[in-house]
Each structure stands twice: as structure tokens, then as C-alpha cells.
Amino acid sequence: MIDYSPMNIKIWSRLGSCGAFGQAALFLPEINDKVVMLTADLCTFSGLDRFKLKYPDYLFNFGIAEQNMVGVAGGFAKEGFVPFATTYATFASMRCADQIKVNMGYMNLPIKLVGLTAGLSVGVLGATHMSLEDVAVMRSVPNVVILSPADCTATIKATIAAAQIDAPVYLRLSGTMNNPIVYKEDFDFEIGKAITLKEGKDVAIIAIGSMVYNSLKAAEILEQNGVSAKVVDMHTIKPLDKEAIQDVLKNKLIVTVEEHSIVGGLGSAVAEELALLKQRPPHLIIGVNGAYPHAASYPYLLDQAGLTPEKIASKIENTYKEIC
Amino acid sequence: MSNMEKYTKAFCQAFEIDEETAKKLKFQDIPAWDSVGHMGLVAQLEEAFDIMLEPDDIVDLSSFEKGQEILAKYDITF
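Chains as they are written, first to last, in our numbering: chain A, 1 to 324; chain B, 1 to 78.
Honestly, the hints are just simulated from the structure, not real lab data.
If you're wondering where the values come from, they're calculated on a predicted model, not measured in any experiment.
Be a bit skeptical, because a hint or two may be false.
Unchecked claim - Here are the simulated lysine-lysine pairs, DSSO-like style, with alpha carbons at most 30 Å apart: (1) K193/A to K242/A; (2) K24/B to K52/A; (3) K184/A to K9/B; (4) K252/A to K311/A; (5) K24/B to K6/B; (6) K217/A to K250/A; (7) K9/B to K23/B; (8) K26/B to K54/A; (9) K252/A to K242/A; (10) K52/A to K23/B; (11) K52/A to K217/A; (12) K315/A to K242/A; (13) K54/A to K24/B; (14) K201/A to K252/A; (15) K184/A to K24/B; (16) K52/A to K26/B; (17) K54/A to K34/A; (18) K6/B to K26/B; (19) K52/A to K9/B; (20) K34/A to K52/A; (21) K73/B to K54/A; (22) K73/B to K9/B; (23) K184/A to K6/B; (24) K217/A to K201/A; (25) K278/A to K184/A; (26) K184/A to K73/B; (27) K26/B to K9/B; (28) K66/B to K26/B; (29) K101/A to K34/A; (30) K198/A to K252/A; (31) K242/A to K217/A.
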């Protein structure tokens with residue numbers, strides 16, 4: 001049993017989402033003895049060193065051969081195993097797109113593809129390692145469930161939920177070490193069921209992954225400036241929680257916030273859901289817009305992309321005052 | 001509880017070891033002090049002394065002895 005004590009939550013936060021994933025992995029064989037871990041040269045980076053020591057026969061390192069890894073994961077899944085395959089989110093989603101289409105989409109095999117460092121968090125390595133298109137790619141593949149946990153405790157929950165569902169899953173992990181804590185205690189995580197973290201009547205902010213914390217902070221700034229903002233953690237991007245979308249229709253402005261391109265991600269998913277409604281609030285999509293940034297530190301890149309709490313709040317406030 | 005008692009307790013709790021072992025400990029001396037255990041120790045120290053360690057200090061925290069030197073930067077005396 002996982003102990004969701006305040007100290008463990010702090011430790012997971014310190015480890016970051018990759019380390020937290022590795023901690024969750026240690027518990028998976030207790031839940032399902034068919035779980036195997038596959039990685040493309042990122043055993044330590046995926047937090048899997050302890051798993052390797054404890055279950056050496058259940059961990060397979062493919063080296064830098066991501067496409068091979070996903071193909072083998074398909075074989076494992078076909079034989080009744082529950083394979084988790086880890087690599088950088090950009091390699092997971094884009095380099096392996098054909099293997100994903102065939103194995104996860106067409107054959108509907110329950111591979112759990114883990115995209116590490118999604119977004120801008122390894123921006124120091126340059127555009128090759130940034131992952132700003134992964135949700136767009138994965139959303140377009142039928143059958144794939146997409147999870148984007150808001151913090152490290154949610155990462156633990158999402159990993160376990162992914163192991164328990166008989167479906168292909170893309171687990172999108174964002175943020176860095178010392179990941180801000182959104183969930184300070186144990187909570188219910190249900191795939192497809194968004195979580196309202198804060199109520200508000202003017203604006204409804206729907207966020208994923210690392211942007212949930214920044215959106216909560218942005219909502220605090222907005223409150224100080226007289227704009228009441230609701231914040232929703234849309235941890236499951238696909239299937240989207242339609243009830244949660246219905247619920248924000250009473251707000252005057254819907255805002256989606258993601259550490260991803262504004263094309264094809266959470267914003268697009270919500271917009272597709274809203275498209276046929278005759279009456280609905282305007283929808284502001286906040287994310288990365290434009291060309292690939294140059295290599296730089298994570299905080300700098302977030303600032304340049306307008307994804308800090310202050311810049312998110314400013315963008316929302318300006319739009320709200322302009323059109324509402 | 002004195003600072004030394006709090007400090008030793010943080011090591012004991014992070015790695016589930018006794019005080020004697022804690023006082024001689026260096027990084028990776030025991031399986032529990034791996035990269036995951038390291039962050040557990042950091043979290044225990046931060047909680048015990050209500051501080052937030054800088055990234056460079058987290059990297060430098062390589063032994064029981066070194067840790068005391070690092071905490072001195074945060075005005076924690078032993």
C-alpha cells in the first residue's frame with residue numbers, strides 16, 4: 001500500500017514527476033504481477049533504479065531504440081503483460097508514431113507509453129528534447145487514453161490507474177525536480193473525471209500537468225484584481241470529461257492552459273467539444289505559440305512562453321476585460 | 001530537541017538506520033542512500049529545520065559530516 005503521508009508527498013515532489021513515476025512503479029507488481037518496465041536508455045532518469053534492483057527480470061533497457069521498444073511493448077501486451085515503456089515525451093510520441101498507430105491505435109494493445117519531461121522542462125537540451133506536439137500526435141490516434149498529472153502525487157495515482165485500465169495509455173509527465181505540490185493529501189483519481197480545485201464565477205481555467213499549479217497561482221492574482229476564477233485539473237485529456245466542460249459553460253470566459261503547442265492539445269480538445277454549441281462563452285487558449293524556442297533554462301522558457309502565473313493572469317485579465 | 005538530535009533523527013528516518021550508523025554515513029554507503037533516498041533525506045532535513053535547500057547544496061550533501069557544514073549556511077549551528 002502506498003502511504004500518502006505529507007512527508008512522502010514532499011519527497012515525491014522533490015524527486016519530480018520522473019522520480020515519482022519510479023516510486024509508483026515499485027508498487028505495480030503488487031497490483032498486477034504482469035507489469036514489466038521497458039526503457040530506452042533512461043532507466044535512472046525514469047526513476048527505475050530501485051525497480052531494477054527489486055525486479056531485475058521485469059526491466060528491459062533497449063538503449064536508444066525507442067521504436068524497437070514500442071514494438072516489443074506491443075509483443076508483451078499481446079502476450080498478456082502490462083508493459084510500461086519510458087522515454088522522453090518527444091521521442092515517445094513522434095519518433096515512435098508508426099509503432100503507436102499500429103500497436104496502440106489499430107491493435108488497441110494496452111501499452112502504457114510514458115512521456116518524460118513533456119513540454120519545456122529539458123529546454124536546456126534544445127528543441128530536439130522539447131515536447132510541444134506530443135498531445136496533438138497522441139490525441140489523433142484512436143483508442144489511446146491520455147493522462148497528464150498535475151503534480152507528483154497525481155503522477156503516482158495516474159501511474160497506478162494506467163496499470164489498472166485495459167487500454168493503451170499515454171502518460172504525459174511534466175515539470176522538473178522540486179515539482180510544486182497541488183495535492184497535499186490523498187485524493188480520488190479517476191480516469192476521465194476532472195477535478196475542480198477552486199470555484200469561481202467569472203472565468204473558468206482548465207489546465208493540465210505543470211500548468212495546474214501555475215493556473216491556481218494565476219487565479220489568486222486574478223482574485224486580487226477582482227476577477228473570480230474557477231480552476232479545473234483536466235488530468236485526462238482523452239477521453240475528455242464532457243460533464244466538466246458542461247459545468248464551465250456558466251462562466252463568462254473559458255481558458256485552457258497547457259505546456260504544449262496551442263495547436264492540437266488541451267485547447268483544441270476543449271474547442272472541439274464546444275464547437276457545436278449555439279451559445280457558449282469565448283475560449284482563450286494559452287500555450288506555446290510560434291516557433292521553437294532556443295535552448296534555455298526551464299523558468300526562462302516558461303516566462304518567454306507566457307506560462308508563468310503572472311503572465312497567465314495578465315493574459316486572462318486583459319481578455320476578460322476586453323470581451324466580457 | 002537540539003539541532004544535532006534533529007539532524008541525526010532526519011538521517012535515521014530517511015534511511016531507517018540507527019544513530020551510530022548515521023553518524024558515520026556517506027552517500028551510497030548503504031543501498032537506501034541512493035538518488036531516491038537522497039531526496040528523502042533532503043525532505044527530512046527541510047522539514048526538521050523549516051528550510052529549503054539550494055540545488056548546489058543538495059548535490060554537495062555527500063555525508064553526515066558534510067551536511068552539518070551545509071546547514072551552517074542556513075544559520076543552523078551544532
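Here is what the structure says about each hint:
Taking the CA atoms of K193/A and K242/A, the gap is about 9 Å. The hint holds against a cut of 30 Å. About 28 Å separates the Cα atoms of K24/B and K52/A, which keeps this hinted pair within 30 Å; it holds. Of the supplied pair hints, the one linking K184/A and K9/B holds, its CA atoms being roughly 24 Å apart against a limit of 30 Å. Between K252/A and K311/A, the direct Cα distance comes to roughly 20 Å. Compliance with the 30 Å bound is thereby established for this hinted pair.
Between K24/B and K6/B the alpha-carbon distance is near 16 Å, which keeps this suggested pair within the 30 Å criterion. Distance check on the hinted pair: K217/A and K250/A sit about 22 Å apart at the alpha-carbon level, within 30 Å; holds. Note on K9/B and K23/B: the hinted pairing holds, with a Cα-Cα distance of about 10 Å set against a maximum of 30 Å. Our distance criterion of 30 Å between C-alpha atoms is met by K26/B and K54/A, whose separation comes to about 23 Å.
Only pairs whose Cα atoms come within 30 Å are accepted, and K252/A paired with K242/A is accepted, the gap being roughly 18 Å. A distance of roughly 29 Å separates the Cα atoms of K52/A and K23/B; the hinted pair therefore holds under the 30 Å criterion. Restraint check: the Cα-Cα separation between K52/A and K217/A comes to about 38 Å, which exceeds 30 Å; the hinted pair is violated. Note on K315/A and K242/A: the hinted pairing holds, with a Cα-Cα distance of about 26 Å set against a maximum of 30 Å.
Taken as a hint, the K54/A and K24/B pair is honoured in the structure, with Cα atoms around 26 Å apart against an allowance of 30 Å. For the suggested pair K201/A and K252/A, the alpha carbons sit about 8 Å apart, so the restraint of at most 30 Å is met. Simply put, K184/A and K24/B have alpha-carbon atoms about 34 Å apart, too far for the 30 Å limit, and the pair is violated. For the hint pairing K52/A with K26/B, the CA-to-CA distance comes to about 23 Å; that is within 30 Å, so the pair holds.
Restraint check for K54/A and K34/A: satisfied, since their Cα atoms lie roughly 15 Å apart, inside the 30 Å limit. For the suggested pair K6/B and K26/B, the alpha carbons sit about 18 Å apart, so the restraint of at most 30 Å is met. Restraint check for K52/A and K9/B: satisfied, since their Cα atoms lie roughly 29 Å apart, inside the 30 Å limit. Simply put, K34/A and K52/A have alpha-carbon atoms about 15 Å apart, close enough for the 30 Å limit, and the pair holds.
Simply put, K73/B and K54/A have alpha-carbon atoms about 37 Å apart, too far for the 30 Å limit, and the pair is violated. Our distance criterion of 30 Å between C-alpha atoms is met by K73/B and K9/B, whose separation comes to about 20 Å. Restraint check for K184/A and K6/B: satisfied, since their Cα atoms lie roughly 24 Å apart, inside the 30 Å limit. Taking the CA atoms of K217/A and K201/A, the gap is near 17 Å; set against the 30 Å cutoff, the hint holds.
Using a Cα cut-off of 30 Å, the hinted pair K278/A and K184/A is violated, with the two alpha carbons roughly 39 Å apart. A C-alpha spacing of about 29 Å is found between K184/A and K73/B, which places the hinted pair at or below 30 Å, so the restraint holds. As the CA atoms of K26/B and K9/B are separated by approximately 16 Å, the hinted pair is consistent with the 30 Å bound. Under the criterion of a C-alpha separation no larger than 30 Å, the hint pairing K66/B with K26/B is consistent with the structure, at around 9 Å.
With a CA separation close to 23 Å, the supplied pair K101/A and K34/A stays within the 30 Å bound. A threshold of 30 Å between alpha carbons decides the hint, and for K198/A with K252/A the separation of about 16 Å falls inside it, so the pair holds. In summary, the hint linking K242/A to K217/A is supported, as the alpha carbons are separated by about 25 Å, within the 30 Å threshold.
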